[in-house]
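Colleague: Residues per chain are reported as follows:
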Amino acid sequence: MNMKKIGAAASTGLLVFSLAACSGGDSSSDSGKTQIKFINGFTGGDGAFMTKIVDGFNSSQDEFEVVQSQEKDHYTKFKSGNYDLVVIHETSLETYQKDQLIQDAGPYMETAGLAEDDFNAAGIQSGTVEDKLFGVPLDIHPLTMFYNEELVSEAPTDYEQLKALGETLQSENENLYAFGLPSTGLTTFYFTAAAAQNGIDLAKDGYLDFTQSDYADALMQYHDMVFKDNTSPEKLGLDGEFQAFMKSADEGAKQTAVTMTGPWYYQAVKEKYADNLGIGAMPTLFETAATTGNAHTISVAASVEDEEVKDGISEFLKYLYTPENLANWAESGQTPSHLATLDLITEDPEKYELAAKNQEQLDTYVAAPRVYQFDEQMRYMNEVVFTKLTSEPNLTKDALMSELEKATKAAKQIADTQ
Amino acid sequence: MHMTNKSKWLGFIFVVPFLVSFLVFWLIPLLYGIWISLHDFRLSVGNNGFIGLKNYVDILTPDTIYNRTFMTSLKNTLMFIVLSVPPLILISLGLALLIEHLPKKLKTFFRTVFFLSYSISVTAVSAIYLWLFGANGGYINNILMKAGLISSPINWTGDQPYAWLVIVIATIWWTIGFNMLLFVNALDEVDGTLYEAADLDGASAWNKFRFITLPEIRNISIFVMITTVIASFNLYGQSLLITRGGPEQSTSSLIMGINTTVFGNNQLGVGSAMALLMGVIMMLITGIQYWISYKSDKDELAKPSRKERKRLKRAVNAGPTNVNQHPAATIDKKERKIT
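Chains as they are written, first to last, in the working numbering: chain A, 492 to 909; chain B, -17 to 321.
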């Protein structure tokens, strides 16, 4: 072989080697166990509880191993990576199904010995797309009320009570408020609450139509809560509903007696308020009682074809949906959709304080509209409209309607990309 | 010199790592990006076919979501460049000059201290600045209120222009060490005899800086300016973590817009087209910077300023006294009379 051929072979080999290093590996670990790559976005206080479940499964197994990744932007990683199992929110499930990123979870549930009857109605609804379960229901996480028992003895149940509480607190200290509305962050829950508690359906022909006069009126009520009733401080910023609850008025900060926020803050608020922490159901801010929020489901990536990986997924689901194991998830503050686990929680409401409370309000749970790219359709509302509602004292309904038209136009264009 | 086949191939093998890296990490991704931008490419389902320049047309057509995303984020990014580049250059140069005048032992210490922040992750930097500039009970607001400088808290991250101010301050604190180090090295390279000669001529500190330091570090200054503009174009972490692109999307950067288009809207084709347009804009701006620097350099060589012409004239009249320069240019009439 002459030098030319040796050189060409060497350079080609190097190129092939470097490209091969970029390709995905197989599903076997060094220990010979079949690996199931599981990604979720549990980077808050709840993450440790899911890790406990995963570790429990791994130590119980000779055949399979769940390799868990907890990432803040887990959707991005899932789309661009090579994962077998993924936690998907109820609001994103239809998008992932339409984009062919996930597959029917029914067969996996069947192998794991799980049936639809094992879950509550809200859970089944959260995981169903086109009459098939594309996500195994994990939990419902409604907008949760925490309150400081030093400032309010009982959980307010409607806006009138919150308003009265605000007036009392303001007379004591001008930095004390009833509750806080965030500028951005968890605002989707507040937008869907305004729709659900006023009986407004935002979905129209596959997109979100915000340009409904009743809806604009409802949103203007949020504006009034800040600028007319002084029930909430203005301009609280990102995650302001939670941040203001954790502040102290004595130190010059704006402090709220009540917060309506995500249950994932349970560990943080419990640490701060300990025995003075009260938990209540979402109050009726508008016309009728309705609880909004989101749900977690567990989906199988469309790319999963390996029979051993499939068996491993079913085995993991079987382990996860054993009440004693899933109760760990309830301990984190999330409310499982699995009925047998809910029974266990009911038996010990002190240990599973938040889950026990939250399951009481699931009867009035109203799921967010099912549209393609729900979060993207909500983007303008979350990033612009709620900020305006809580920071512009002179905002009029006409000006708001103009913003709602922009948001609807964007939502319609996003829906059309399907 | 005649090269044998063996030495040719040996040379080629040494070049292979570069060629492979160039192909794998630069040329192939670039060509692939261009190819993707000409297709209806979704992150989820892949390629839906060739669509020519439609993605570019959609981005450049007013009233589409992609146009709004691109134009808003481009405007914001340009705003950030205007606000951040001057302080990033001037402050780093100022720090480098200060360090240059410190005793040797302290010089190493402070060079390390100022560079240290550059090694911190953007997540940690953002967490620090969020805590400092929190609107409700934040450290800066507390200090300003206790000092009686403000009567009500400033919404640093939720109102403009404060949101930009926080992002610019965080960026300066985070990245200033890199530019500073380049300037420190450039200042080290300046020939000390030039300063000695200037001292003998009685030049003031400003004149030494203006006529010796600046011209001597000119090339590195142009490099710093160009790389700082490019780095500012890539604004992402600070605005994502400190302001989340707010208030009302006013700090949402181009990279954030592309990220939303690709990973939020699933539109890899449109996102690639946006990235390429961003690249073209960056190249244009860099090209203009090069052109202006080259032009001013050429002009300077070709046409001395009026002041410099006067100095040269005086120098010629006085006659040469030093092999390195025309010191007469810096010797005033009084001194010449004494001589």
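Keep in mind that the hints are not guaranteed to be accurate.
Unchecked claim - Going by beta-carbon spacing under 8 angstroms, a handful of chain A positions derived as facing chain B:
| id | residue |
| --- | --- |
| 1 | 567 |
| 2 | 674 |
| 3 | 727 |
| 4 | 847 |
Stated by the list, open to error - Derived list of chain B stretches under chain A, where covered just means 3 residues or more per stretch with a C-beta under 8 angstroms from a C-beta of chain A:
| id | region |
| --- | --- |
| 5 | 75 to 87 |
| 6 | 105 to 119 |
| 7 | 207 to 221 |
| 8 | 244 to 257 |
| 9 | 264 to 270 |
It is worth saying that the hints were derived from the structure and are not from the lab.
Everything numeric in this text was worked out from a predicted model, so none of it was measured.
Quick reminder that beta carbons are idealized off the backbone N, C-alpha and C, glycines included.
Colleague: Decide, hint by hint, whether the structure agrees.
Modeller: How the hints compare with the structure:
no., hint, result
1, 567, "holds (4 angstroms)"
2, 674, "holds (6 angstroms)"
3, 727, "holds (6 angstroms)"
4, 847, "violated (31 angstroms)"
5, 75 to 87, "violated (count 0)"
6, 105 to 119, "holds (count 4)"
7, 207 to 221, "violated (count 0)"
8, 244 to 257, "holds (count 5)"
9, 264 to 270, "violated (count 0)"
Hints 4, 5, 7 and 9 from the earlier list are contradicted by this structure; the remaining hints agree with it.
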